[in-house]
Amino acid sequence: MADARMSRQVILLPVRTGFIVLTLIAALMMNLLPWSGTALWVKPDFVALVVLYWCIEQPRKVGFVAAWLLGLFMDVADGTLFGQHALAYSILAYAGIVLHRRVRMFSGTSQVLHVVPLLLMNDLIVLAIRTAGGAEFPGFQYFIGSFVGGALWLPLGVLLKLPQRPRHDPDQV
Amino acid sequence: MEHQPFFKTGPTPLARLLIFASLSLVFLVADVRFHYLETLRQVAAVVVYPFQRLAAAPASIAGRIGEFFVTHSSLREENNRLRRENFDNAARQQQLEALQAENAHLRRLHEARGRAEVDFIAVEALYAARDPFSRKLIVDRGTQHDVRPGQPVVDERGVVGQVTRVYPWLAEVTLVTDKGQFVPVQNVRNGLRAVLAGTGNDGALDLRFIPLNADFQNGDRLVTSGIDGVYPPGLPVAQVTHVERSAAQIFARITCAPLGGVGAHSHMLIVRARQEAPPRPVEEQPSPRARKSRKG
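Those protein sequences? They're chains A and B, same order as listed.
The opening residue of the first sequence carries number 1 in my numbering; numbering runs sequentially from there.
The opening residue of the second sequence carries number 1 in my numbering; numbering runs sequentially from there.
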């Protein structure tokens, strides 16, 4: 798999900052859609997923400030404890930035094996904060979203790299 | 020789993580313990507000498109039903007016305090909070529309929840099924008072601290007692569905089902009492002078 990636090298265009901001806002909006019932359990945390993606792909452009601010916005929108998502996303951003060289060495499917544990860690941090605050464990379906997020990692990568693909084939004159 | 990095990238990731994590922890503690950050939360709420409205838009547009394709027969059916209900309600309304007048008259005779008058603010739920640990709704009215924390929220059948936090244009409603949400209630059949607590499960409420011999039966209707000064008296809340008495426990286990469609409706009413509750009576402290005069 890794060989296939190496042989078919496409030199991507530099990513535009405006596009990154747009995707982060889009992820926030996806989280704020009126999810309910089963969809709420199945739904991955889009903000965590996109923040992790950019921390791995563009660690010098997206980092703690974006993750932390988005976390605060999520806390306000959900009416949860102020700072719980901020803390979880900061740690997620740290993991993404530290592991970015390693994760990018792997092919798509092996990247998922890195992403799922990181998303689970994100869930566990929120769970730890809430149980410390006196909430009850909501059941194991709480973790389904992270696995769905892992499944969405490959399509997300293709989607977010679209604007970076060169318009013309450089081999053709 | 000191190691010099080739590219200047600022503090290391670990240092940054420590900064942001400790900032988050400070926020958490300040929010949980001291409630210091309400202003900051309000500011962030104003920033997120357009996104919240925008995110809620597709669902409401889809709803409207769905309404456009309603069939003729179902519309006629609904129209007939509503007309019937309206007829019933009109008859009840007439009785209610007569009863209200009579009640006011009797209260005047007894020199009792009048019942608090209430009015309603109609609200629409934008979305359920995406928090698996609690049962909350975000509704589209806030401080700008005179919504205040503590006001009860009802639908056409009963109490749904309570406003727990308000933003300029939005409010958070904690549903009665939320763990840690309490409603003081009264049994309609015999007037017994109790406290109804949410369990965190949809459709189940607990009556707490009821002695084994207390007279609660399946099917009993519970209404707000109004003794807390927050909920106006007489709003229907729940119906007893299961009573379990075992000699091994001090209290009876009484499970109830909420009467209102908790979390099921998008349109609700916020109840606003026009009359403030009377101030809590000051506990009498016998002053030394009074004691002396009694002695003398």
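Any given hint could be a false lead.
Straight-line Cα separation of at most 35 Å, DSBU-like style, residue types lysine-lysine; simulated pairs [stated by the list, open to error]: (1) 161(A) to 43(A); (2) 43(A) to 8(B); (3) 8(B) to 61(A); (4) 161(A) to 8(B); (5) 61(A) to 161(A).
Quick caveat, the hints were computed from the structure, so don't treat them as lab data.
Going down the list of hints, with the structure as the test:
no. : hint            : in the structure
1   : 161(A) to 43(A) : holds, 23 Å
2   : 43(A) to 8(B)   : violated, 39 Å
3   : 8(B) to 61(A)   : holds, 14 Å
4   : 161(A) to 8(B)  : holds, 27 Å
5   : 61(A) to 161(A) : holds, 15 Å
Violated hint: 2 only; the structure is consistent with all others.
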